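Asker: Going down the list, the sequences are from chains G and A.
Numbering-wise (my numbering), the first sequence opens with residue 6 and increments by one.
Numbering-wise (my numbering), the second sequence opens with residue 12 and increments by one.
Misleading hints may appear alongside valid ones.
Claimed, not checked - For each label pair, taking beta carbons as the anchor points, the in silico distance ranges come out as:
hint: 1; chain 1: G; residue 1: I71; chain 2: A; residue 2: L561; range: 26 to 34 angstroms
hint: 2; chain 1: A; residue 1: L148; chain 2: G; residue 2: L92; range: 49 to 57 angstroms
hint: 3; chain 1: G; residue 1: N323; chain 2: A; residue 2: Y393; range: 35 to 43 angstroms
hint: 4; chain 1: G; residue 1: N323; chain 2: A; residue 2: G46; range: 26 to 34 angstroms
hint: 5; chain 1: A; residue 1: P538; chain 2: G; residue 2: D233; range: 27 to 35 angstroms
hint: 6; chain 1: A; residue 1: Y393; chain 2: G; residue 2: K76; range: 56 to 64 angstroms
hint: 7; chain 1: G; residue 1: H8; chain 2: A; residue 2: A125; range: 42 to 50 angstroms
hint: 8; chain 1: A; residue 1: P538; chain 2: G; residue 2: A30; range: 19 to 27 angstroms
hint: 9; chain 1: G; residue 1: T81; chain 2: A; residue 2: L558; range: 36 to 44 angstroms
hint: 10; chain 1: G; residue 1: I71; chain 2: A; residue 2: L558; range: 27 to 35 angstroms
hint: 11; chain 1: A; residue 1: E91; chain 2: G; residue 2: G313; range: 52 to 60 angstroms
Stated by the list, open to error - Derived list of chain A stretches under chain G, where covered just means 3 residues or more per stretch with a C-beta under 8 angstroms from a C-beta of chain G:
hint: 12; segment: 215–222
hint: 13; segment: 401–407
Calculated from the structure, these hints are not laboratory results.
Bear in mind the structure is a predicted one, so any value in this text is a computation, not a measurement.
All residues carry an ideal CB built from backbone N, CA and C; glycine is no exception.
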Amino acid sequence: MRHFVIVGVLVAILTPLTYIGLSSAHMMPVEASAQSQIVDQMWNWDMMAVSFLLALIVVPMFYSLIVFRRKKGDTTDAEHVEGNTKLEVTWTIIPLITVLVFAYLGAYTLGETRIADPNAMVIKVRAQQWSWSFEYPDGFTSTDLHLPKDQQVVLKMQSSDVIHSFWVPEFRIKQDVLPGRVTDYRITPDMIGSYKVRCAELCGTSHAYMEANVIVTSQADYKAWVADQVAAAQALAAIPGPNAARGEKIYEQYCRACHSIDGSKGQSPTWRGLYGSTVELNDGSAVVADDAYITESIKQPAAKVVKGFDAMGFNPVNAGVTDAQIADLIAFIQTLK
Amino acid sequence: MKKIFSSTLARGLLWQAVGWLVGALFITGIRALMGLQAIDASKFFFTEPAWVFGGLLGALFFIGGSGIVSDWFKWAKGEETSEHHEDPAGGEKYFNLSLDHKVIGIQYTLLALALFVIGGTFALIFRLELAHSGLQLLTLQWYNTLMSLHGILMIIGILLGVSGVINYLVPMLIGAQDMAFPRLNAFSYWVAVPGAVLLLSSLALGGFDTGWTGYPPLSARAPVGMQMFFLGVFVAGWSSILGALNVIASVIRMRAKGMTAFRMPILVWAAIATSLIALTATQLIGLSFQLVMFQRLLGMGFFDPAKGGNPVLFQHLFWFYSHPAVYVFVLPGLGVISELLPVFVRKPLFGYRWVAMSSLGIALVGFLVWAHHMFTSGMNDYLRVPFMYSTLLVAVPTGVKFFSWVATLWKGKIETPTPMLFVLGGIIVFLLGGLSGPPNATVATDLHLQDTYWIVGHFHDTIFGGYVFPFFAAIYYWFPKATGRRMNETLGKIHFWLMTPSFLVLTLFMMRIGLLGMRRRIADYDPALGFDWYQLIMTIAGFTIALSVLIFFINFFRSMKHGEKADGNIWNSRSPEWQVPSPMPVHNFDQPFEVVGEPYDYGLTDAPYIKFAKSTHK
Ligand SMILES: [Cu+2]
Ligand SMILES: [Cu+2]
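Construct the complete structure from the given sequences, taking the supplied hints into account.
Answerer: In structure tokens form, the structure reads like this:
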């Protein structure tokens with residue numbers, strides 16, 4: 006009986022000590038979204054259970070190792086105790102109830118993180134090896150994600166190639182980004198600051214470096230930033246005729262996933278030095294890369310396949326490009342010597 | 012040396028190389044005749060179909076050429092074969108075909124140790140890279156390949172190590188002379204060898220950068236080494252499936268007289284639970300990898316969204332095996348813990364039936380939880396809730412084990428020689444793995460934890476506590492049974508006291524930086540996160556673990572020849588294998604025994620577990 010009392014007291018002491026230790030160790034990054042507080046609440050509950058269970062196992066274990074260790078010279082066996090069905094039932098039923106409670110809490114907090122605001126702002130996210138781009142409701146795109154404080158946003162995310170995952174540690178939530186399908190990421194930033202979105206799903210060579218800035222500003226600052234971006238986009242759009250700067254924007258948004266501009270071999274041929282060069286094709290023939298060839302290759306990628314590459318079937322990215330955009334792209338390609 | 016070159020192993024490897032070349036040339040020839048591209052410089056000379064067919068043919072040639080299946084062919088032709096092969100006395104039998112379960116068990120263990128050394132070395136290399144932010148040692152592609160191979164080599168190594176322990180022990184524990192199907196047993200071992208070669212060959216063929224999970228579409232674009240990974244897992248999978256079949260048949264059919272279900276040694280229950288999983292789930296990983304192989308080779312768009320395929324489907328198929336696989340790894344280890352505790356506490360295993368049933372419970376519930384790996388994957392939102400319930404439910408039978416172990420320790424007379432130290436270390440480390448589990452199950456927190464170093468720390472704790480520590484305990488404990496000599500205690504204790512604290516530091520630091528924003532599977536991290544000094548300490552801890560394992564190997568090989576002689580029941584165990592002299596006689600028990608009591612009745616006098624029949628053939 007004495008042993009039980011001592012162990013009981015030790016468990017009662019160690020449990021709160023562990024919990025205080027864990028909760029004052031700054032285990033999580035700062036909370037920068039409404040959802041992060043909910044996640045941390047669940048985390049906190051988990052840590053309470055962890056502290057108690059740790060003490061419950063570790064205390065009697067180490068107590069036994071110290072108090073019940075074999076005395077020198079003792080060669081006899083210990084007392085014959087086979088088991089205790091009441092005890093076994095107890096430590097099956099109580100954990101079972103605990104588990105049900107935690108599953109309920111888990112479902113409840115999951116629901117809380119997903120509460121939808123009907124006025125949420127929609128931003129389209131495109132992920133590709135190995136970059137992010139963001140398309141705003143006002144019609145411009147950026148490689149930084151700017152968000153206004155205290156406004157719920159839904160990120161409509163899609164990948165151009167493999168699976169990526171959108172994770173801002175300070176927001177707590179993570180969601181994979183799939184090719185061929187849109188996934189949602191709902192967040193309400195509530196702390197002004199500069200963070201990073203980092204790809205959390207292994208996506209190939211430069212996965213480690215696939216990140217973008219996430220900048221949470223006041224509503225007023227956000228509006229000002231949007232106005233600047235819109236003005237810049239309009240100014241660019243207003244330039245008559247084919248324009249290389251516009252082409253570069255289109256490239257960054259749609260083409261960079263597959264075509265490099267530095268000569269490196271990607272999924273598709275590089276654009277560096279392409280314009281005016283002679284291209285060897287898969288069937289052994291050669292063609293000069295002029296306006297007609299580039300236009301045809303964008304519209305019908307399978308018509309002429311460059312040597313060493315696989316023929317590509319219908320591609321929704323290519324099919325969506327307009328004639329004016331193609332002209333801009335050609336102007337951009339001409340600058341890539 | 013000459014003997015090694017004429018061994019089954021050498022012949023098999025030679026035939027594998029021949030088969031590989033024949034297969035590759037065959038496809039290359041056909042492609043040339045059909046006017047297709049026959050040579051592909053970007054894929055290391057041969058085209059991808061040629062490499063894959065060659066790899067497959069190489070594995071078949073290994074099996075055919077090394078003579079593993081020749082008895083079956085003789086039977087088909089109506090010829091008789093000898094029932095028992097006598098193995099030569101020296102170490103050469105471990106490189107040759109043997110039908111003795113004890114030899115096969117040690118063969119498995121040696122191959123497992125070899126894969127651990129290779130996979131562990133890969134980990135040391137990329138741990139060195141991670142010691143400091145920025146890239147110093149490796150390229151991004153090499154980092155990804157080494158990290159991926161570390162994962163799969165350790166997993167296959169563990170599967171083989173599990174088979175080693177089970178193969179060596181189960182027939183002894185149930186009082187059988189051998190497994191139910193000795194030839195199938197040998198086949199199961201030998202088929203893993205070409206599988207391991209295939210896996211390693213991916214290194215020479217551009218590697219693969221997907222991690223061991225091989226998710227498409229990434230795996231559909233990876234270098235040709237990816238296909239060797241798929242093929243290697245596919246071939247090695249047969250080893251698991253057939254081995255499991257054999258274990259189940261042996262336990263059902265070949266138990267000693269009087270050994271009812273609840274009088275089996277507890278490790279046999281663990282072996283059964285593990286084998287049930289391996290027998291029924293391994294197909295799913297083979298299948299899912301095969302589908303990606305076909306997607307690459309034949310353009311079938313199973314997981315290609317552009318062709319109407321669904322990449323998330325792959326994850327379901329993959330995890331339907333790969334979650335239960337975790338229990339294939341840890342159930343035998345937990346069985347070893349339950350088996351050894353009573354010996355060193357000198358008390359019965361507390362709640363034997365409950366512990367036995369908890370293994371089955373974990374195995375069965377384990378089949379219903381796979382999607383907890385996919386909470387952020389974009390699978391159906393609402394399905395995450397039932398999978399959370401089933402996942403948390405695993406805590407109940409796991410808790411039963413912990414409570415029963417603690418109750419076994421309670422008021423025992425505890426001794427702590429090396430095997431017991433590893434048992435206790437295993438319990439502590441597995442406890443940390445267990446306690447870091449529920450936050451991954453409660454979905455909201457997992458949205459933060461998924462794909463971070465928290466997960467890396469969590470599963471390393473689970474696998475080390477549930478497998479690696481008990482595996483070392485088993486080796487230290489049964490080494491005298493296999494060799495008649497015991498391993499050095501002092502070196503064993505140094506091994507334990509170096510490995511355990513370093514490992515705890517390593518995984519606790521992993522969890523800490525994971526929570527703060529360290530993603531898994533990255534070659535480099537942002538120095539602004541301030542993880543540099545954590546990573547440096549983790550690297551030092553990793554190398555300390557390697558040092559301790561090196562000490563283990565020195566002890567292991569030295570003790571074979573120079574260890575203290577130990578041919579009796581040195582642990583004072585009640586288990587049948589210790590009631591006969593060591594090393595274990597060729598046919599285990601010269602006289603059959605009958606089970607007349609409970610396996611763990613320590614503390615009772617005159618309550619034997621087994622009784623040998625009167626000698627009939629002496
Ligand atoms: Cu990515
Ligand atoms: Cu799992």
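Asker: Provide an ascending list of the numbers of those earlier hints which the structure does not satisfy.
Answerer: none
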